[in-house]
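Peer 1: For reference, the chains in residue letters:
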Amino acid sequence: MKYNGVTFVVEEARKMTEEEFIKAHLGNFWLDRDEETRRKMLADVYKRICGKKKK
Amino acid sequence: MGRIRTCPGGNFATGKSVCEIDYDKIKALVLTKHGVKLSYSSLEDLRNACHADVPNRAYGFPTVINWEPNGGEAQTSQVGYGPNAYNGMSARNDAFTLDKYRHYLRAQILRNVDEVFDMYLIDIKNNLYGLDDGTDTLAGVPVTIYPSGNDHPGASDKASLVVNVVYQNVEEYMMNLDVVPLGYNALSAVYGLMPVTLEKVGTDGSNYKVVEYYGKGDATAKFGSLIADNVSDVITGASAATYDSANNYISFTLSTGATAPVLKKASVLAAEGIYGIEPYVAS
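Taken in sequence, the protein lines are chains A and B. Residue numbering for the first sequence follows the numbering used here, beginning at 181 and increasing consecutively. Residue numbering for the second sequence follows the numbering used here, beginning at -17 and increasing consecutively.
Just chain A, same shape as in the assembly (with noise of 0.2 Å):
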């Protein structure tokens, strides 16, 4: 899935959490943003391939 520029691996994606997802992207994309802009992006694009938390 493609967000903002960065092409997200959807069941790479599923294997996480979303605490473990935005830990492994947070580094990696988006610098030019803040960290918390960058959460909340993280988030989004977790919750648009997972849909709901994943406990």
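There's no promise every hint is true.
In silico DSSO-like links for lysine-lysine, alpha-carbon gap of 30 Å or less [to be verified]:
#, chain 1, residue 1, chain 2, residue 2
1, A, 195, B, 191
2, B, 246, A, 195
3, B, 182, B, 198
Just so you know, the hints here were simulated from the structure itself, not pulled from any lab data.
Chain B: place on chain A using the hints.
Peer 2: Frame of chain A; chain B shown alone:
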């Protein structure tokens, strides 16, 4: 009835076609492994053949800028005071000059001089030349190859690379040569593949460049965006990717447990519109 013989020359057709074939200059040489038939029913078919997994791969050599036959001439001889009689064809090898000298391609040709390939040719009018083997699909012409040419420009010549093909049976070629008009722009479908590696940029992060294995050309600008956009299908070991055009590298997030992104094979890349490259595999 006792055993009889049938004359081989019983069928001697000397007519001409109502729709003459327009033979034109050769623009592409395509080899397959001996016994492997080329798929050419559509442009996609031909392009996929050039990216297929070995042993079914077609090895394209675009672009041929000159073709020159050597040999393949009728030999006659006289016995006693009888007339001259046909006594076979002289051995033939054709020289195909490529558009550019490439030292790595010459090395590849040299590494394969002992292998028999099947040769197909495509001319500028998209006619495909091969052998009629009695089926609806052309067979290739059995040949071996060797390189020649000049490493450097001289006083009167540019550097050049010539692929020489040696016909294994020139009489068979002449008796069974057949032509199929492809009806599509075949030259745009003929590819030879360049092995590439994903090379990490710096020591930190997970930014990578696409680097041609032979000559170390940076192919990131050409393929980076395509690879990043199709990361799900063309990369193993990554959970996300983006192409950074400012820095000309691909940023990957590696999957859990992965140490590096790995490019998938050429047939998979071609399915996603990435043509002309394959991952380098040490042999």
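Peer 1: For each hint, tell me whether it holds in the structure or not.
Peer 2: The hints, checked one at a time:
1. The straight-line distance between the Cα atoms of residue 195/A and residue 191/B is roughly 27 Å, inside the 30 Å bound, and the hint therefore holds.
2. Taking the CA atoms of residue 246/B and residue 195/A, the gap is about 21 Å. The hint holds against a cut of 30 Å.
3. Under the criterion of a C-alpha separation no larger than 30 Å, the hint pairing residue 182/B with residue 198/B is consistent with the structure, at around 14 Å.
In terms of the numbered hints stated before, the structure departs from none.
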